[in-house]
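Fit chain to chain and form the complex, with the hints in mind.
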Amino acid sequence: MDKKLYTIIIYTENIAGMLNQVTAEFTRRMMNIDTITASSSSVEGVHRYTISLWGEEDSVQKVTKRIEKKVDVLKADYYTDNEIFFQEVALYKLSTPVVLGNDEVSRIIRHNTARVIEVNSTYTVVEMTGSTEDILNLYDKFVSHNCMLQFVKSGRVAVPRSAQDVLGDYLFNEDYKRKSIKEKNK
Amino acid sequence: MAKVRISGSEALLRSLINEGVDTIFGYPGGSIMPVFDALYDHRDDFRGVLVRHEQGAVHAAQGYARSSGRVGVSIVTSGPGATNTLTGISDAMLDSTPVVVIAGQVSTGVLGTDAFQEIDFVGITQPITKWSYQIRRPEDIAWAVARAFYIASTGRPGPVVLDFNKDAQVALFDYEPESVDNVRSYIPYPTPSLEAVEEAARLVNESERPFLLVGQGVELGEAHEELKAFIEKADIPAARTLMGLSALPTDHPLCVGMLGMHGNYGPNVNTNECDLLIAVGMRFSDRVTGKLSTYAKQARIIHIDIDHAEINKNVTVDVPIVGDCKEVLPMLTALVNKASHKEWIDSFARYNAIEHEKVTVKALNPGEGPLLMGEVARKVSEATGNSAILVTDVGQNQMMSARYFKYTKPHSILTSGGLGTMGYGLPAAIGAKIAMSDRTVCLFTGDGGMQMNIQELGTIMEQGTAVKIILLNNNYLGNVRQWQELFFNHRYSWTPMLNPDYGLIAQGYGIPSRLVIERSELDDAIREMLETSGPFLLHVAVKEEANVMPMTPPGASVNEMIFE
Ligand SMILES: Cc1ncc(C[n+]2csc(CCOP(=O)(O)OP(=O)(O)O)c2C)c(N)n1
Ligand SMILES: [Mg+2]
Chain A
1 MDKKLYTIII
11 YTENIAGMLN
21 QVTAEFTRRM
31 MNIDTITASS
41 SSVEGVHRYT
51 ISLWGEEDSV
61 QKVTKRIEKK
71 VDVLKADYYT
81 DNEIFFQEVA
91 LYKLSTPVVL
101 GNDEVSRIIR
111 HNTARVIEVN
121 STYTVVEMTG
131 STEDILNLYD
141 KFVSHNCMLQ
151 FVKSGRVAVP
161 RSAQDVLGDY
171 LFNEDYKRKS
181 IKEKNK
Chain B
1001 MAKVRISGSE
1011 ALLRSLINEG
1021 VDTIFGYPGG
1031 SIMPVFDALY
1041 DHRDDFRGVL
1051 VRHEQGAVHA
1061 AQGYARSSGR
1071 VGVSIVTSGP
1081 GATNTLTGIS
1091 DAMLDSTPVV
1101 VIAGQVSTGV
1111 LGTDAFQEID
1121 FVGITQPITK
1131 WSYQIRRPED
1141 IAWAVARAFY
1151 IASTGRPGPV
1161 VLDFNKDAQV
1171 ALFDYEPESV
1181 DNVRSYIPYP
1191 TPSLEAVEEA
1201 ARLVNESERP
1211 FLLVGQGVEL
1221 GEAHEELKAF
1231 IEKADIPAAR
1241 TLMGLSALPT
1251 DHPLCVGMLG
1261 MHGNYGPNVN
1271 TNECDLLIAV
1281 GMRFSDRVTG
1291 KLSTYAKQAR
1301 IIHIDIDHAE
1311 INKNVTVDVP
1321 IVGDCKEVLP
1331 MLTALVNKAS
1341 HKEWIDSFAR
1351 YNAIEHEKVT
1361 VKALNPGEGP
1371 LLMGEVARKV
1381 SEATGNSAIL
1391 VTDVGQNQMM
1401 SARYFKYTKP
1411 HSILTSGGLG
1421 TMGYGLPAAI
1431 GAKIAMSDRT
1441 VCLFTGDGGM
1451 QMNIQELGTI
1461 MEQGTAVKII
1471 LLNNNYLGNV
1481 RQWQELFFNH
1491 RYSWTPMLNP
1501 DYGLIAQGYG
1511 IPSRLVIERS
1521 ELDDAIREML
1531 ETSGPFLLHV
1541 AVKEEANVMP
1551 MTPPGASVNE
1561 MIFE
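The listed protein sequences correspond, in order, to chains A and B. For the first sequence, the working numbering begins at 1 and goes up steadily by one. For the second sequence, the working numbering begins at 1001 and goes up steadily by one.
Hints are computed from structural coordinates only; laboratory data are not their basis. All values reported here derive from a predicted model rather than from experimental measurement. Glycine included, each C-beta is placed from N, C-alpha and C at the ideal position. Careful, some of the hints might be misleading.
[What the hints assert, rightly or not] Some chain A residues near chain B, calculated using beta-carbon distances under 7 Å: (1) 13; (2) 21; (3) 24; (4) 65; (5) 66; (6) 69; (7) 71; (8) 72; (9) 73; (10) 74.
Extracted from the complex, chain B is given alone in its bound form (with noise of 0.2 Å):
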């Protein structure tokens, strides 16, 4: 293509629009100020969004991300503005969510000087990004650009920094586009070992009690189709993780529920009961393995990770398989037997029943009494034909929403697995919201997270973003209540809250909303919600002191659930 003399902004532009870019989170600032002069031109060919602080950029470029399988992009100025995307970045590592933030930076010049609004972002944020560069030259940007793209969203994805030096966004220079297609020191989809794949089919059929264990990898690498003929020609029992929830529907005959510390007893059980444990795309985090040295010892374990380093970090595996898990289930599934495993899958609804009768059947329909968080969560999932969107906060909230949601879709639960962020929920629905507009999104949220980024009622006041926001309020900090009222003897410190008028609050920004109280209220609410077209706050005051069951307790093994 030819050359052409512009801008080092108006170059970052064109090249984020080279990558497909359309939508973009962003906060202007001074040493930005260039790039967000350029963009005023192309007020056409970006959507972009003003959000209200700068985390709220990344967590709302996460939820585009998740909910899209597209990459998300956030654009702040330096100094502060980058500062407060660290938490957003960290969230995208610990959940491998591709998202580029881009930074101003001061000019090249005065670069260590403690130039106003100058920190070091490359050097904070190389820990918690996949990629982290700083553009010190305009005839970087193209390139710099296309990597940051290709690094973001290849492999197992994540976040990707780009520190935008001021002097090289108003240089003049000649621009000519690029792509990336490779990066010789990285491998983002290794060859997976033929010989393991073997191996791995040898132990499958030999099994009588293989389990999987279906992780976020699952949906990251698309592979909802494959997992579905693998585990129905060997008639596997599958369970997925938080992160993993709607990468098997709820109601396919062969998923048995959710794993981790408040997931389902079956599959908590039968984990120390399985003879093959096979691991998809997950990463054995502590909240789903329990106490470590009890955790499956009596199985033989398949670990399929694109992610080498994955493999016997937390759990010592027999046989590991690195690579896509796209192109890794069709290879085993051609290889393994049709079996049937009727009896051993019986097992996993025989240890259902004992939590269904314990916890669900209290849980969705108490009868009497203050409103409880999963009956609502049910109800909204339902509302919505099980097919909406869900994004939590982090809380009981998010346990709650999670457990009693129905997913029939995939991409259809986004939620803070790894860093467990507070103040997720809220700019994560915007982003979902904008990049699926043909989606309902339903944010779950709890008093103490929604106050966390509740600023960004602002965006959705000013972008009109159709966000279903569920407020769950017990008037505390509820899931550390819950652990004060379980393990530190009913001390409730720093944990109940006094919560402002959230109604008026929402009016503030226009947003209709409505409080619920009573039980023969919520039905009545939850139609008006969906059938309001634009956004709509949903506040629902549920029961103070609820607590989330089952649960593994800390250091407890997968199999020790407490029900109470």
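So that you can see chain A by itself, here it is in the shape it has in the complex (with noise of 0.2 Å):
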């Protein structure tokens, strides 16, 4: 069977030990989580899981089926990229020295849609937003002009392309006539 890059994209209540109930699903497989973004969600007292990873449709179905099983997970969905709009954001240090003494560096930063957000005499923090490829196909070129000091990129975050409200159309049909969690904890 084909390994694709699935997103897998859960809401669940926001309490402690909630990712590690959600990631021990991937564990006790062996599926290895490519990146996992933790948030808060359009609902308060609600959190969202984004979580890429590669496999087989097969198993990231049944491993969505069974996170969202768990008691406290609200919903669990998982799509292909051609479903989602997704982005990552990346940081990169740079040697400001280097940076100013070749000006292909500052051709790149500017071709490649990303944005100067720190300048001083010593180092030039660079962000981009992108998909993984264009992130990493950055930090390559900065890497071939000998001015990266560090790099960091976030995991994805996704929305549906569907006009459908997964989360909205979950807490808010007919058995909607619950309290969150923090309300009945009070």
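Below, the structure written as structure tokens:
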């Protein structure tokens, strides 16, 4: 079977130990998570995980179902790249002397729609948002010009292309007569 | 209700009383002492069962739960007390048994410092529970207990852990009872899709050779009558999994036996002959399916299960119906035509007759030679009017007693199906007898499994629990020996076992016993066991090298059972 890049979007109650519960389902199958982003969602008290990984649809589907089955998980769905908008963000910390001494580097920055967010005499911080591929291409270019001091890239964040509102539909369907954990737990 | 100022420990007990708990299986220790201290004032509210090992506490709670349909409760201390429960919790997870395990935990302030008897119990138990929660504040107690019982007992049941910090046990606060009847992120009873039910009914009505698989879900969903109504109207033969054996009486005219590796020949062969397979509350375990790539390939498959994640997990199905079988089955019954499949149903009997001749006759009436497990099981079953609760341990004793017992009442088999836990039997039998004191509880165990939780004889002694223990002693870890004989060239590595004098051990615990070696003694010994009012150990010396047959060898297809 074909391995593809999948993005799993998970909504959970915002409670301690949730990340562990989610990732344990991957550990159990020795599935390697590529990127993971945890953040708040559009609904207060609801946390959102965006996980990307390479896998076969069958196992991605099974792991998604197992995650959704967890009591404190509200919703989990998986997507392929053509079903979502997605971005990553990267920060590149470059050597200012090298950058200033090499016109090519500033051309690369402009060319890649990257943004300089800090310059001082020792280092320059450049930010770029884009696909993994674009981000890594830029990384390669900086490395080839010997100006890279540090590099960091986030996991992906994604929203489905579909007009449907998964979380909203879930939370506000007829079954929604419930309070969030936090309220309950006062 | 008015608030009252009480300790967290007292609040825990009041919350348990609110949930209808009247029996606790437990074992005390340092970080749960305030709770046990509070229990001292509640001696009239709870039957306290002091087990002899925390693993026994959970298995006993499981036995209590599975026999009665209520939630079983264990209370243990932190650290080693908590880790001793892990096997039981895992067993309950795999076999969908509602238990709530409450463990002491060190005080909140020293969490993460390797304090004495501190372990990350929530972290350890997250993968083996439905829900695992640490109570750090007394204000959370009422809510957490209510939520624990709600989650453990609803939907597909399972174990819940409450990790109870010591400071929350002793703090005084204003207690207010709480109840939980929903959790917004949790849909225990999904609404079955009407379209799916209609599609399923269409397949049933078109089918010439329908075959229904009954799992424990029918027992858990109390859908025994709904199941019968459905199969009787559409005239569908049905076989049960090990876990579902008492979901349909053995003698029901449409009951065609047991599925699985050591199940009956008819249902296994006909799995690959039917044109429609209807699975109800079962999960296509590998012990049932054998080789997946040849499993029921010719058939359309309908899968009714309350757990969405079970759908297409092992077997890809044509019509999934996610819902409670107690709700789904009547919907189906209403839509299916009255039918008759006499010839098809007879074909099961024809295959079962082959098994009868090749295996069963010899297993039940060997005539001479050492006693066999099968004949003992059948005799005990009949001597109880086939109405006892069968509790098994794991191994040959399990398969043989499950095969040759007869089931007339729901909730009559308690066995470790998913985890296959040796040592499950004795404590589970204690829990079952305590929950269902009116019923006869017969434990079948092996010489290996008996010794895995033999300390629970102390619990029997103390509680006077009238468990009938049938120890099928073959001086071997028989199940493993069988595999060594069949698949490892007779190399009996680490399976012969030197046994103690079980009669003396029983005597040490004040439990009457009888050793049976001769066939001529068996009936009388069974009579004596059942006539004795309290617990009894019937120690039966059975043939040492006997095999459980028929068998689907590992890796073989369901229709490739072997008979010797
Ligand atoms: C805790 C545990 N350890 C090991 C096993 C593997 N195992 C399965 S059956 C069996 C032999 C059981 O021997 P015994 O209790 O004497 O029962 P018999 O098969 O002889 O009836 C073993 C070792 C297991 N299922 N559970
Ligand atoms: Mg044995």
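Each hint, compared with the structure:
1. For residue 13(A), the interface hint holds, since its Cβ comes within 7 Å of a Cβ in chain B; the closest pair sits about 6 Å apart.
2. At its closest, the beta carbon of residue 21(A) sits 5 Å from a beta carbon of chain B; the interface hint therefore holds under the 7 Å criterion.
3. Here the hint on residue 24(A) is kept, as its CB sits about 5 Å from the closest CB of chain B, short of 7 Å.
4. Annotation: residue 65(A) was flagged as interfacial toward chain B, and the flag holds, the nearest CB pair being 4 Å apart, inside 7 Å.
5. For residue 66(A), the interface hint holds, the least distance from its beta-carbon to any beta-carbon of chain B being 5 Å, beneath 7 Å.
6. Taken as an interface hint, residue 69(A) checks out: its beta carbon lies about 5 Å from the nearest beta carbon of chain B, inside 7 Å.
7. For residue 71(A), the shortest C-beta to C-beta distance to chain B is roughly 5 Å, which falls under 7 Å, so the interface hint holds.
8. Interface hint at residue 72(A): satisfied, since its Cβ lies 5 Å from the closest Cβ of chain B, which is below the 7 Å cut-off.
9. For residue 73(A), the suggested interface contact is upheld, since its CB lies about 6 Å from the closest CB of chain B, less than 7 Å.
10. Taking 7 Å as the C-beta contact cut-off toward chain B, the hint placing residue 74(A) at the interface holds, the least distance being around 4 Å.
The structure shown violates none of the earlier numbered hints.
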